[in-house]
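2 protein chains.
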Amino acid sequence: MPAESPRVRDLAEQDLLDRIFPHLPVGSRTLVPPGDDAAVVAAADGRVVITCDVLVEDVHFRRAWSTGTAVGRRAAMQNLADVAAMGARPTALVVGLVVPGDTPVSWVEGLAQGLGDACRPLDVGVVGGDLSSGPVLVVSVTAHGDLEGRPPVRRTGTRPGDVLALAGRCGWSGAGWALLAAGREDVDADLVEAYRVPEPPVAAGPAAARAGATAMLDVSDGLLRDGRRMARASGVTLALDAPARVLADDVRRLRPAAEALGVAVEDWLLAGGEDHGLLATFPPDVALPPGFRPVGSVRERGDELVLVDGAPPRPGSVGWDHFGA
Amino acid sequence: MPAESPRVRDLAEQDLLDRIFPHLPVGSRTLVPPGDDAAVVAAADGRVVITCDVLVEDVHFRRAWSTGTAVGRRAAMQNLADVAAMGARPTALVVGLVVPGDTPVSWVEGLAQGLGDACRPLDVGVVGGDLSSGPVLVVSVTAHGDLEGRPPVRRTGTRPGDVLALAGRCGWSGAGWALLAAGREDVDADLVEAYRVPEPPVAAGPAAARAGATAMLDVSDGLLRDGRRMARASGVTLALDAPARVLADDVRRLRPAAEALGVAVEDWLLAGGEDHGLLATFPPDVALPPGFRPVGSVRERGDELVLVDGAPPRPGSVGWDHFGA
Numbered sequence: 001m002p003a004e005s006p007r008v009r010d011l012a013e014q015d016l017l018d019r020i021f022p023h024l025p026v027g028s029r030t031l032v033p034p035g036d037d038a039a040v041v042a043a044a045d046g047r048v049v050i051t052c053d054v055l056v057e058d059v060h061f062r063r064a065w066s067t068g069t070a071v072g073r074r075a076a077m078q079n080l081a082d083v084a085a086m087g088a089r090p091t092a093l094v095v096g097l098v099v100p101g102d103t104p105v106s107w108v109e110g111l112a113q114g115l116g117d118a119c120r121p122l123d124v125g126v127v128g129g130d131l132s133s134g135p136v137l138v139v140s141v142t143a144h145g146d147l148e149g150r151p152p153v154r155r156t157g158t159r160p161g162d163v164l165a166l167a168g169r170c171g172w173s174g175a176g177w178a179l180l181a182a183g184r185e186d187v188d189a190d191l192v193e194a195y196r197v198p199e200p201p202v203a204a205g206p207a208a209a210r211a212g213a214t215a216m217l218d219v220s221d222g223l224l225r226d227g228r229r230m231a232r233a234s235g236v237t238l239a240l241d242a243p244a245r246v247l248a249d250d251v252r253r254l255r256p257a258a259e260a261l262g263v264a265v266e267d268w269l270l271a272g273g274e275d276h277g278l279l280a281t282f283p284p285d286v287a288l289p290p291g292f293r294p295v296g297s298v299r300e301r302g303d304e305l306v307l308v309d310g311a312p313p314r315p316g317s318v319g320w321d322h323f324g325a
Numbered sequence: 001m002p003a004e005s006p007r008v009r010d011l012a013e014q015d016l017l018d019r020i021f022p023h024l025p026v027g028s029r030t031l032v033p034p035g036d037d038a039a040v041v042a043a044a045d046g047r048v049v050i051t052c053d054v055l056v057e058d059v060h061f062r063r064a065w066s067t068g069t070a071v072g073r074r075a076a077m078q079n080l081a082d083v084a085a086m087g088a089r090p091t092a093l094v095v096g097l098v099v100p101g102d103t104p105v106s107w108v109e110g111l112a113q114g115l116g117d118a119c120r121p122l123d124v125g126v127v128g129g130d131l132s133s134g135p136v137l138v139v140s141v142t143a144h145g146d147l148e149g150r151p152p153v154r155r156t157g158t159r160p161g162d163v164l165a166l167a168g169r170c171g172w173s174g175a176g177w178a179l180l181a182a183g184r185e186d187v188d189a190d191l192v193e194a195y196r197v198p199e200p201p202v203a204a205g206p207a208a209a210r211a212g213a214t215a216m217l218d219v220s221d222g223l224l225r226d227g228r229r230m231a232r233a234s235g236v237t238l239a240l241d242a243p244a245r246v247l248a249d250d251v252r253r254l255r256p257a258a259e260a261l262g263v264a265v266e267d268w269l270l271a272g273g274e275d276h277g278l279l280a281t282f283p284p285d286v287a288l289p290p291g292f293r294p295v296g297s298v299r300e301r302g303d304e305l306v307l308v309d310g311a312p313p314r315p316g317s318v319g320w321d322h323f324g325a
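As they're listed, the protein sequences go chains V and R.
Heads up: the first sequence at position 100 corresponds to 100 in the working numbering, and the numbers run straight through without jumps.
Heads up: the second sequence at position 87 corresponds to 87 in the working numbering, and the numbers run straight through without jumps.
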């Protein structure tokens with residue numbers, strides 16, 4: 001019989017760190033790597049982009065559904081998406097980790113490996129963090145980025161007449177979650193994997209900024225909910241064209257899963273979160289950068305913040321609220 | 001009867017955020033404040049210092065012992081100390097927060113107020129974060145700093161002949177914890193408060209760098225344990241002079257509490273953590289900057305990493321290890 005992994009409580013803190021560090025990339029912007037009181041990271045632009053996201057066991061992931069590697073990749077990816085959504089290139093992240101003593105050491109090693117897998121291809125360093133015991137797994141990632149001389153792309157800059165465009169997947173993560181919850185992973189393993197580990201179009205963020213995007217955000221809580229946020233911040237109405245047409249590729253992909261579960265594809269497209277696609281607006285004369293597809297247009301503020309195919313979205317769920325009723 | 005505070009679960013996420021933000025300072029280096037995908041902070045030096053620390057309920061604090069305000073101040077302070085220990089000036093922090101649904105909203109407001117109290121006088125902005133529900137309170141702070149053109153002061157730079165110096169309190173937090181654990185807050189309320197909220201000498205960090213400190217670190221796990229870390233990193237032995245003499249002010253302050261509990265003051269001086277003082281080394285010809293007192297000297301590496309009054313430290317506890325036996 002194979003030996004079981006030791007538990008976190010069987011190791012001294014330094015021994016656990018010694019198992020984690022080999023998995024973590026340093027990144028070419030890292031001037032002082034982990035091991036001191038703090039890291040030092042190049043910020044040649046004279047500004048640094050900073051964002052933070054927390055994953056909590058049984059709120060954002062389940063150990064029965066996701067390996068440590070998947071959780072690590074996801075924790076990195078969703079933060080890298082937030083950096084990209086400012087039009088910046090990610091440079092470095094730090095990780096605050098809370099681990100119950102009975103967690104297998106192999107799970108924590110997997111987490112580190114997943115963080116490394118996400119960061120290494122983007123030359124992002126994992127430059128430090130903190131490790132604590134506690135009753136529940138918590139992964140708190142802070143990510144940093146470089147604007148490379150460009151202004152940040154905020155939520156506030158879109159104007160009537162702009163083109164609304166989306167990069168990345170839409171509805172996949174929501175569908176994957178629904179398949180897992182229904183015990184129907186057999187229907188589409190790729191959708192389930194898209195829930196476990198989002199694949200945000202990180203490179204599309206700086207590309208959008210270079211192309212002159214007027215506003216951008218990361219779709220973490222669903223197209224409608226995040227679209228409303230951008231519309232509110234910019235004082236406009238976002239008019240989404242018919243989803244079945246402008247998101248036809250996603251519809252095609254999601255339809256078998258929707259039929260298997262007896263739900264409407266449109267719910268996943270409009271309210272499914274956590275794909276971490278990038279929703280951006282561009283002046284009408286701009287050629288969309290690679291990865292973006294046009295999905296609608298920006299109008300003067302009307303009665304609704306968001307229109308879907310010319311009409312108000314139907315009442316019902318528009319996304320995810322952690323604390324709300 | 002006064003109305004009870006509502007619980008976190010009674011509010012929508014945005015309503016809770018609306019109660020938190022008024023307490024948080026923006027800071028003059030903040031170019032894009034909270035509310036977008038990420039913040040943008042000035043990093044005029046072309047480098048940014050980054051550090052992260054996690055506080056977990058019942059591991060690092062108890063709600064019965066500390067108010068939300070105290071926990072918020074402490075979470076900020078210990079991170080600001082890490083930035084200072086690199087010789088940098090703190091600029092901004094982000095906060096990942098996990099909050100059980102039954103937490104009183106007033107506790108979370110207090111936490112935000114404590115973060116603000118610590119940051120505002122130092123012109124440090126609280127530039128964002130993330131909020132999640134979860135079964136235990138977790139406060140994960142990532143702090144950032146500006147080296148202002150100076151090289152970072154690492155753990156690796158001390159040389160034989162250097163003066164060893166300490167800024168800040170020594171042993172107070174450990175004593176305060178012991179008083180609380182024994183139910184003897186009456187003996188010295190200031191020591192108890194020093195445990196609840198450390199007062200690291202943040203300004204002494206950049207001052208040490210300007211004065212030419214060769215190495216520095218934040219004393220979070222006790223003088224012996226952190227001294228060993230510096231000695232190991234630099235390949236030297238740190239020779240601490242007789243603590244009763246060089247730390248006489250702390251000894252005077254700690255003696256009544258030690259007598260009340262029947263413990264040795266030296267245990268708190270040498271092994272008590274979490275005061276977040278700054279241990280630094282300076283070339284022998286340097287005038288120590290304000291806040292630092294000489295506590296020993298640096299020698300060629302001998303059999304011991306740290307000597308206390310010329311002798312090896314007596315066996316026993318040398319500090320805090322979260323996971324170790």
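Among the clues, some could well be false.
Unchecked claim - Per label pair, the in silico range of CB-to-CB distance:
id : chain 1 : residue 1 : chain 2 : residue 2 : range
1  : V       : 263       : R       : 35        : 28 to 38 Å
2  : R       : 21        : V       : 310       : 28 to 38 Å
3  : V       : 44        : R       : 314       : 41 to 51 Å
4  : R       : 120       : V       : 262       : 13 to 23 Å
5  : V       : 314       : R       : 4         : 47 to 57 Å
6  : V       : 232       : R       : 263       : 57 to 67 Å
Unchecked claim - To give an idea of the interface, some chain V residues facing chain R are shown, with a C-beta separation under 8 Å as derived from the structure:
id : residue
7  : 32
8  : 85
9  : 129
10 : 152
11 : 155
12 : 284
Keep in mind the hints are simulated off the structure, nothing from the lab.
Since this is a predicted model, take the numbers as computed values, not measurements.
Note that beta-carbon positions come from the ideal geometry of N, C-alpha and C, so glycine has one too.
Hints, verified against the model:
no. : hint                      : result
1   : V:263 - R:35: 28 to 38 Å  : 33 Å, holds
2   : R:21 - V:310: 28 to 38 Å  : 36 Å, holds
3   : V:44 - R:314: 41 to 51 Å  : 50 Å, holds
4   : R:120 - V:262: 13 to 23 Å : 54 Å, violated
5   : V:314 - R:4: 47 to 57 Å   : 38 Å, violated
6   : V:232 - R:263: 57 to 67 Å : 58 Å, holds
7   : 32                        : 6 Å, holds
8   : 85                        : 4 Å, holds
9   : 129                       : 5 Å, holds
10  : 152                       : 5 Å, holds
11  : 155                       : 6 Å, holds
12  : 284                       : 24 Å, violated
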